[in-house]
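> Spelled out from the first residue to the last, the chains are:
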Amino acid sequence: MAGGSYPVAASRYRPAAKVLVLPVLLGAWEGAVRVGVLDPFYTSSPVPILATIVRWIATGYVLEHVLATLAVTLAGLAGGVVIGAVAGFALGFLRWLERVALPFLTAANAMPRIILYPLMVLWLGFGPLSRIVLVASLVVFPALLTTHSAIRQVDVEIVRNARVLGARRLGLIRHVYLPAVALWLFSTIRVTIGFALAGAIVGEYVGAVRGMGMVIAFAQSMFRAREVLAGTAVLLAVIWLIDLGLRAAEHAAARWRLSEVM
Amino acid sequence: MSTSIAPVESRAAVRPPAVQAVGLAKWFDGAEGTVAAIENLTFTVHPGEFLCLVGPSGCGKSTLLNIIAGLLPASGGQLQIYGESGGRVRPDCIGYVFQRDALLPWKTALQNVMLPLLLRGVPMAQSRAEALNWVQKVGLAGFEHHYPSQLSGGMRKRISLAMTMVYRPSIILMDEPFAALDVQTRHLMENELLALWAEAGSTILFVTHDLEEAVALADRIIVLTAAPARIRADYQVPLDRPRDVAEIRTSGAFVDIYRRIWRDLREEVAASRGRR
Amino acid sequence: MSRAGEPPATAVRAVQAALVAAALVGWEVGARRGWLSAEFVSRPTAVGAVIWDWVRSGYLWPHLVATFEAAVVGLGLGLAGGAALGFLVMFVPAVGEVVEPAMSTLNAVPRIVFYPLLMLWLGLGMASKVGLVATIVAFLGYYTAVGAVREVDRLLLAQVRILGASPAAMLRHLYLPATLAWMITGLRTSVGLAFIGAILGEYMGSMRGIGNIIMGAQNLFQTPQVMAGLALTMVLAAAVDTLLARLETHWSAWRQVEQA
Numbered sequence: 001m002a003g004g005s006y007p008v009a010a011s012r013y014r015p016a017a018k019v020l021v022l023p024v025l026l027g028a029w030e031g032a033v034r035v036g037v038l039d040p041f042y043t044s045s046p047v048p049i050l051a052t053i054v055r056w057i058a059t060g061y062v063l064e065h066v067l068a069t070l071a072v073t074l075a076g077l078a079g080g081v082v083i084g085a086v087a088g089f090a091l092g093f094l095r096w097l098e099r100v101a102l103p104f105l106t107a108a109n110a111m112p113r114i115i116l117y118p119l120m121v122l123w124l125g126f127g128p129l130s131r132i133v134l135v136a137s138l139v140v141f142p143a144l145l146t147t148h149s150a151i152r153q154v155d156v157e158i159v160r161n162a163r164v165l166g167a168r169r170l171g172l173i174r175h176v177y178l179p180a181v182a183l184w185l186f187s188t189i190r191v192t193i194g195f196a197l198a199g200a201i202v203g204e205y206v207g208a209v210r211g212m213g214m215v216i217a218f219a220q221s222m223f224r225a226r227e228v229l230a231g232t233a234v235l236l237a238v239i240w241l242i243d244l245g246l247r248a249a250e251h252a253a254a255r256w257r258l259s260e261v262m
Numbered sequence: 001m002s003t004s005i006a007p008v009e010s011r012a013a014v015r016p017p018a019v020q021a022v023g024l025a026k027w028f029d030g031a032e033g034t035v036a037a038i039e040n041l042t043f044t045v046h047p048g049e050f051l052c053l054v055g056p057s058g059c060g061k062s063t064l065l066n067i068i069a070g071l072l073p074a075s076g077g078q079l080q081i082y083g084e085s086g087g088r089v090r091p092d093c094i095g096y097v098f099q100r101d102a103l104l105p106w107k108t109a110l111q112n113v114m115l116p117l118l119l120r121g122v123p124m125a126q127s128r129a130e131a132l133n134w135v136q137k138v139g140l141a142g143f144e145h146h147y148p149s150q151l152s153g154g155m156r157k158r159i160s161l162a163m164t165m166v167y168r169p170s171i172i173l174m175d176e177p178f179a180a181l182d183v184q185t186r187h188l189m190e191n192e193l194l195a196l197w198a199e200a201g202s203t204i205l206f207v208t209h210d211l212e213e214a215v216a217l218a219d220r221i222i223v224l225t226a227a228p229a230r231i232r233a234d235y236q237v238p239l240d241r242p243r244d245v246a247e248i249r250t251s252g253a254f255v256d257i258y259r260r261i262w263r264d265l266r267e268e269v270a271a272s273r274g275r276r
Numbered sequence: 001m002s003r004a005g006e007p008p009a010t011a012v013r014a015v016q017a018a019l020v021a022a023a024l025v026g027w028e029v030g031a032r033r034g035w036l037s038a039e040f041v042s043r044p045t046a047v048g049a050v051i052w053d054w055v056r057s058g059y060l061w062p063h064l065v066a067t068f069e070a071a072v073v074g075l076g077l078g079l080a081g082g083a084a085l086g087f088l089v090m091f092v093p094a095v096g097e098v099v100e101p102a103m104s105t106l107n108a109v110p111r112i113v114f115y116p117l118l119m120l121w122l123g124l125g126m127a128s129k130v131g132l133v134a135t136i137v138a139f140l141g142y143y144t145a146v147g148a149v150r151e152v153d154r155l156l157l158a159q160v161r162i163l164g165a166s167p168a169a170m171l172r173h174l175y176l177p178a179t180l181a182w183m184i185t186g187l188r189t190s191v192g193l194a195f196i197g198a199i200l201g202e203y204m205g206s207m208r209g210i211g212n213i214i215m216g217a218q219n220l221f222q223t224p225q226v227m228a229g230l231a232l233t234m235v236l237a238a239a240v241d242t243l244l245a246r247l248e249t250h251w252s253a254w255r256q257v258e259q260a
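Residue numbers (our numbering), protein chains in the order written: chain B, 1 to 262; chain W, 1 to 276; chain D, 1 to 260.
A few of these clues could be false.
What the hints assert, rightly or not - To give an idea of the interface, some chain D residues facing chain B are shown, with a C-beta separation under 8 Å as derived from the structure:
id : residue
1  : A80
2  : G81
3  : A84
4  : M103
5  : T105
6  : L117
7  : L180
8  : T189
9  : V191
10 : Y203
11 : M215
To be verified - Far from chain W by the CB rule (all over 12 Å, computed), these chain D residues:
id : residue
12 : A17
13 : A23
14 : V25
15 : P44
16 : W61
17 : G76
18 : A94
19 : A178
20 : G216
21 : Q222
Claimed, not checked - Computed Cβ-Cβ distance ranges for the label pairs, DEER-style:
id : chain 1 : residue 1 : chain 2 : residue 2 : range
22 : B       : G125      : D       : A18       : 50 to 56 Å
23 : B       : V191      : D       : W52       : 35 to 41 Å
24 : W       : A179      : D       : P167      : 27 to 33 Å
25 : B       : A233      : D       : A80       : 56 to 62 Å
26 : B       : F41       : D       : T189      : 33 to 39 Å
27 : W       : R266      : B       : P179      : 55 to 61 Å
28 : W       : E32       : B       : L63       : 55 to 61 Å
29 : W       : R241      : D       : P167      : 27 to 33 Å
30 : W       : A179      : D       : W251      : 45 to 51 Å
31 : B       : L170      : D       : A80       : 52 to 58 Å
32 : D       : T189      : B       : A71       : 28 to 34 Å
33 : B       : W123      : D       : W52       : 47 to 53 Å
Rather than coming from a laboratory, the hints here were simulated on the basis of the structure.
Here a beta-carbon is modelled for each residue, glycine too, at the ideal position from N, C-alpha and C.
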């Protein structure tokens with residue numbers, strides 16, 4: 001069936017254009033500030049921002065706070081995933097628990113848990129623990145439901161076959177269910193890491209002593225545009241690197257995944 | 001192999017042919033190399049003619065229609081619509097009724113029929129009146145404000161017809177429009193089409209793989225070969241009009257013509273099956 | 001498909017109800033008896049009393065309105081702006097080359113990261129809150145428009161071209177309605193995100209709204225108020241979501257035939 005054709009003529013200039021976009025934008029920004037079109041009080045300009053970032057790196061300021069944010073994120077992520085996976089296994093194997101608990105858990109998953117942060121602060125103070133628990137709460141329910149779903153979806157034939165081959169419950173878990181779950185969990189992590197980071201950062205905005213979120217929020221409260229932009233740029237760079245890393249890991253995982261478990 | 005009739009030729013002398021194709025060709029670059037869909041197609045369609053294109057499935061009939069409509073460029077040869085080439089879609093000349101109905105699902109039946117008029121700058125009130133008129137003509141009075149999802153397949157087909165004919169295109173392309181309908185609805189639609197065509201006087205290019213349908217409807221039938229499509233035969237169908245599609249199938253003349261054309265078509269169908 | 005060992009539905013319901021009741025009663029009694037520290041967890045009755053007081057005294061409404069206003073305005077701006085950018089990217093290839101990779105990169109970033117920038121530029125009031133919501137929702141709007149344009153039925157496209165539609169007419173009669181249809185399907189998600197965005201914005205700035213109530217209470221260590229605010233938020237979010245779910249089923253009425 002014929003339809004319209006979208007303009008897909010390959011442009012000679014395309015690769016060059018893409019690379020040039022960022023420098024051109026930065027140049028235009030710098031120029032606009034010099035000329036007076038943009039007010040540097042609000043926007044700062046590329047050169048001082050870069051200088052700030054360099055200074056931060058040199059003094060180890062960036063490292064300290066990036067690590068603080070990442071530590072909270074990863075701790076919460078790990079905690080949430082582990083608890084979620086264990087609970088998911090329990091739910092997958094104990095039918096009565098599943099029937100009773102599943103509606104509650106699904107409802108809990110639908111709740112916007114990130115807004116619970118003030119309650120965490122009330123209970124756990126402003127330290128990293130409240131943020132770790134917040135991140136964990138964001139991650140635990142998706143992890144739980146994903147694990148449970150993965151277990152339920154394991155092909156009955158595979159299980160039967162494994163049983164025939166002599167596998168008992170522990171063997172089944174090890175050779176059939178764990179690989180199935182691991183696959184799903186990996187993709188869940190890719191999805192939830194965004195929430196985890198958001199949770200950590202929100203916590204740092206509201207009240208923290210360490211973390212990139214704190215750096216940015218503090219600068220904002222003092223109306224220091226340069227540092228707000230510098231901090232945001234650093235945070236963006238870190239997130240981008242994490243995303244790249246995850247994609248690489250996913251490619252690697254896809255390559256040695258020979259067959260579909262489910 | 002065509003048995004020309006004098007009236008057709010004298011008409012051609014007065015006006016340019018509706019469609020003139022010379023050596024038309026189309027090939028596609030696919031995964032397995034270049035595939036020719038149409039090869040060296042030369043034919044003329046006269047204004048007001050009801051021409052059916054028959055051929056085995058997949059022989060390139062739809063591709064030909066799309067080229068004539070301007071949706072696809074030809075790879076070779078020449079195509080002239082009313083004496084003009086250029087290959088672009090000419091909105092006033094051409095109407096197209098697709099096999100699957102192409103009604104906009106977010107517009108009511110009436111709004112769909114109004115669309116081509118609005119696109120031509122016809123004022124709202126007038127568009128509405130014209131469209132309403134056509135909705136009634138296709139027998140769907142009372143259903144104007146229904147959405148396509150609320151209409152049956154046959155009804156949607158009728159709205160498609162109305163939508164195409166409302167702006168009176170000189171050439172109407174139809175790609176197996178009734179294939180998806182049940183037999184009775186199909187007969188109904190075929191009769192309606194003949195009635196609308198008699199009134200409008202457009203040129204119709206009707207693609208079908210159903211030879212019975214073709215003989216019942218057409219003035220002229222072109223048999224296309226299996227892919228790549230070439231012209232195998234060109235028959236006139238001198239059956240009287242007005243025709244009733246269901247009744248005519250039992251007439252002797254119908255059966256004669258059908259037999260003759262089927263001999264050609266059968267070989268092409270076998271050839272296309274053999275190739276797959 | 002019931003398997004052996006599956007508990008009957010009524011028994012399950014009974015157990016669930018009992019658990020909820022036990023939790024509430026346990027909470028209340030535990031707080032009163034001192035087994036649970038009332039300072040940290042409060043009591044259901046205290047929380048309920050706070051909500052009742054807020055409703056009765058009229059304290060709640062201006063804040064509720066402020067949050068809803070920010071959510072709705074931000075939603076509209078974000079969806080419209082995102083969709084407009086999406087159309088631009090799909091119809092002007094040069095723009096698409098530059099913008100699409102940028103959006104793809106930015107999409108991996110939690111939008112909350114941009115909030116301090118927005119506060120810097122738009123101040124601490126409603127504008128930055130709306131800006132945050134708009135930023136969050138804009139990506140949804142963008143990808144909806146891009147998806148709708150990409151996935152538009154080729155048949156409809158061909159038909160509308162034959163009927164003589166100019167690019168502007170195609171936008172108006174084909175792409176825009178298609179995009180709207182997609183957006184309505186995704187409305188539950190967008191509205192949910194808008195709501196959360198408004199509240200998070202209120203956490204971090206000093207402005208009116210439910211988030212403000214919660215934050216203020218947290219600063220004063222008023223546990224019942226914090227819990228009341230959170231409870232209200234959850235209930236509202238659930239109510240809006242249910243309403244939208246109902247609307248969605250009504251809306252699916254004319255969508256059926258497209259798949260046929």
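> Which of the listed hints are not met by the structure?
Hints 1, 2, 3, 4, 7, 8, 9, 19, 22, 25, 29, 30, 33 not satisfied by this model.
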